[in-house]
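Undergrad: Residue numbers (this note's numbering), protein chains in the order written: chain A, 1 to 331; chain B, 332 to 484; chain C, 485 to 860.
It is worth saying that the hints were derived from the structure and are not from the lab.
Keep in mind that a hint or two might mislead.
Stated by the list, open to error - Listed below are the simulated PhoX-like cross-link pairs for lysine-lysine, each with C-alpha atoms no more than 20 Å apart in a straight line:
| hint | chain 1 | residue 1 | chain 2 | residue 2 |
| --- | --- | --- | --- | --- |
| 1 | C | K543 | C | K691 |
| 2 | C | K787 | A | K309 |
| 3 | B | K480 | C | K691 |
Said to hold, decoys possible - Per the computed footprint, the stretches of chain C lying under chain B, defined by three or more beta-carbons under 8 Å from a beta-carbon of chain B, are:
| hint | segment |
| --- | --- |
| 4 | 529-540 |
| 5 | 719-726 |
| 6 | 744-755 |
| 7 | 786-799 |
| 8 | 802-809 |
| 9 | 812-823 |
Virtual Cβ for every residue (Gly too), placed ideally from N, Cα, C.
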Amino acid sequence: MSLAEPLRLLLFLLCVMAFVGFNAAYLVWVERKGAGRIQRRPGPTEVGYAGLLQPMADGIKLLTKQLIVPPGADATLFRLAPVMVLAPAMMSLAVIPFSETLVARNINVGLVMVFAFGSINVMAIMLGGWASRNKYAIISAARIVSQDVAYEIPMLLVVITVLMITGTMNLNDIVRQQAGGFWHWNLFKLAANPLMPVTFVIFYVCMLAETNRAPFDMAEAESELVAGAFTEYAGMGFGVFFMAEYANIVVGCAIATILFLGGWQSPIGLFPGLFWFLLKMYLLCFSVVWVRWTFPRTQFYGLLNLSWKILIPVSLATLMLSAVLIKVVKL
Amino acid sequence: MNLTLQQLADQLSSGFARETAGGVVRVVDYARTGCHLEAAVWPSAVVCAAELLDQRGFALDTITGVDWIAEGEMEVIYDYFHATAGWRIVIRSRLPRGNPEIPTISGVFPGADWHERETHDFFGIRFLGHPDLRPFLLPEDADYHPLRKDFTA
Amino acid sequence: MIAPQAICPEGTRNETFVLNLGPQHPATHGVLRVKLTMDGEYITRAEPVVGYIHRMQEKMAENRTYARFLPNTSRIDYLSAMAYTHAFVAAVERAARIEVPARAEYIRVVTSELNRISSHLVWFGAFLLDLGGFTPLLYAFDDRERILDLLEGISGSRLTYCYYRFGGLCNDIDEDFIKGTHDFVARMRPRLKMYRTLVTDNIILRKRLIGIGPISQEMCRRYGATGPVIRGSGVAYDVRKAEPYSVYPEFNFDVPVFPEGDSMARYLVRMAEMEQSLRIIEQALDKLPGGPVMASNVPRVLKLPAGDYCCAVEAARGRFAVRIISDNKEIPYRVKLRTPSFSNLSLFEEASQGMMLPDALALMGSLDLVIPDIDR
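All chains should be built: construct the whole structure from the sequences, respecting the hints.
TA: See the structure below:
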């Protein structure tokens, strides 16, 4: 019917926005509790039971703060940057299949769309740093651009490797191909490419670097550049950047789950669905939090060396291997 | 360092024999005063003393100023130590209080840069040839010298 | 990993900008301002500006009796307060020829070494925090809490102790302290092993520190650097062995020395020193004699004979020396405090030339600075 489709779309998009908002808020809680327990302390416990209302309290605090635009800063870009960081993450979630039928828009080029939106993220942070007219912010913005550009390349090479095996860019189809037990997941498709686990590790590392998470958070290294690109943002402007970081983590983990871990397929072959997708995605999110609080930060040139000198050659090698196997073995 | 303390004292004595003031290089009681050799020199000889000690591998420990207001003099005390031999040498120099000037040793020991700036801050002793004698611990616009005995807040 | 070198092709103009690592900054432990002149990511000149916490301790010493200056000594370097009080007290005792009873000396050694461990734990946590590893700080502070509780039991303070007096200690230790210290030593050894596995052997930390911030022996000598800085450059200079004081000659301990001179060497020196301090504490508690903890016939108000008296100790950061010039009055004529962080920081300008910012901050963290120590 002519009215049902737009209505369904609207409903899905509202749900996606609510999902992003809920995640941004409660991943913060997970991070703070996780950080606390890793550091042998309880984390937030005061506000609500086990600190569950802490994100609400933080949100209210940020909303009540004055939104300061520093004098001399480019006002339009300064205000636009946080929005431009959050919006692509939300839009990427429109193509992610949460279960067989729970997809906002099942686009045939879904995979490309997600990465296209991911690139806007880089530009937005750079604009935020540049528009702040603050030395720390500009240094940080420059670092973020070089880091993100460097890590997008191996990430895309790895995705192309997976693409060659799946043959389709439609995310729901990719998940359907991994039906059966967990040995059918792309991670374990060693017949197609013996280096599949390596490509997963590369993707994971690139995802950490793209979202500027430790140990790759040189750009906002607190002990050097105060808050990096976000130094001049106060109140909800900073809050939106913060939410966007977690939204990006959610998108990154969701893509990792879909491409490598079977999406909404269950590991035992029975009762596939939303539950498995959320479980896998949140386990990956927790591991991202875990890595942050365990390792110190790499130096900036160490980070770039890792990408240009190690990850890109290795991902090119897996790509070649995949291509050769497909052509020769005729899978 | 394979010299005995007395040999070192003799070498240093002959090294700045012309320029020492009264008393040459004495071996002192370490248990009482905390140093092994002590010398009192003219202000013009401090650079020579620093160079002699630098050649023998001594390190600069600290530079102290003292305001002997009753005698109308200020004293600058240089502490040197040798990290492997464990010896401590003290070089003292007295300056007239009305015009306290002494050449800088920061050309020989770069560490003296900060020590001399601090001594200038506290006493007003001018170190001739010092690259940058701005206030170090006191505020940038300070024109008083707190450790002088006639300083009133 | 070796840091990349800046490439400046002929004919390009070098534009530098000034970045201020201001007095309020998460990485400069305390109120230190560093004016960095930077060429892109490289530092062309790093000028430390100090004096933000200058309290003129040396003038305060000229205004009060020797006993009234004792609490000041703890506040010069608050993390290593026992050793600083020890230096002042030992200088006065040397001048006034006061014999300190053996039991007091042994307890002084035990408390000083406990203080050294707690100071190194703070350095360890803060250094890792600078490098981005947030978790070791809390583990280190957990161990440190136990030391603080032990020392609070005997002295009443957690941080700025004023436990030593001229001629001994203000009060004796009790069974709780001895048992607690034994427990602490037993607990600390496996913890140090854990730090080694989890932190020292971490590949990211090693890449961050190995080869970074080399300080040669020559540079240490010209600037008068002491403590873990000079021991991390291959020179075995430790005041406890070079100018023995108190009862240190009776103990069997090594002075850890690493020849490489980079930040990793200084890091390893401090980690090894904690190990050695545990050894000293065990030996001291085993050999602890009985008897009084205070010399008899120490006058209430001391008057030192005229002259120059100097005493040095090995504090956690290096050599701390006190020079007292007395003119036979109850208040000193001049007290000079030679602090280790002052000399250690003076070499930062030369050592950080041409380094990148994160490496320079790693170097500064490895120098272990406490700013009140510099400013006094």
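Undergrad: Do the alpha carbons of B:K480 and C:K691 lie within 20 Å of each other, as the hint requires?
TA: violated, 53 Å
Undergrad: Checking C-beta pairs, does the segment 802-809 of chain C have three or more residues closer than 8 Å to chain B?
TA: Result for this restraint: holds, n = 4.
Undergrad: For the segment 812-823 of chain C, count the residues whose Cβ lies under 8 Å from any Cβ of chain B; is that count three or more?
TA: holds (count 4)
Undergrad: Count the residues of the segment 744-755 of chain C whose CB lies closer than 8 Å to any CB of chain B, then report whether that count reaches three.
TA: violated (count 0)
Undergrad: Taking only the CA atoms, is the gap from C:K543 to C:K691 under or equal to 20 Å?
TA: Given that 20 Å is the threshold and the Cα spacing comes to 45 Å, the pair is violated.
Undergrad: Quick check: do three or more residues in the segment 719-726 of chain C have a beta carbon closer than 8 Å to a beta carbon of chain B?
TA: Satisfied; 4 residues make the cut.
Undergrad: Please verify whether C:K787 and A:K309 have alpha carbons no more than 20 Å apart.
TA: Status violated; Cα separation ~70 Å.
Undergrad: Counting residues of the segment 786-799 of chain C that have a beta-carbon nearer than 8 Å to any beta-carbon of chain B, does the count reach 3?
TA: holds (count 6)
Undergrad: Counting residues of the segment 529-540 of chain C with a beta carbon closer than 8 Å to any beta carbon of chain B, are there 3 or more?
TA: Answer holds; 4 residues pass the 8 Å Cβ test.
Hints 1, 2, 3, 6 from the list above are not met by this structure, while the remaining hints are.
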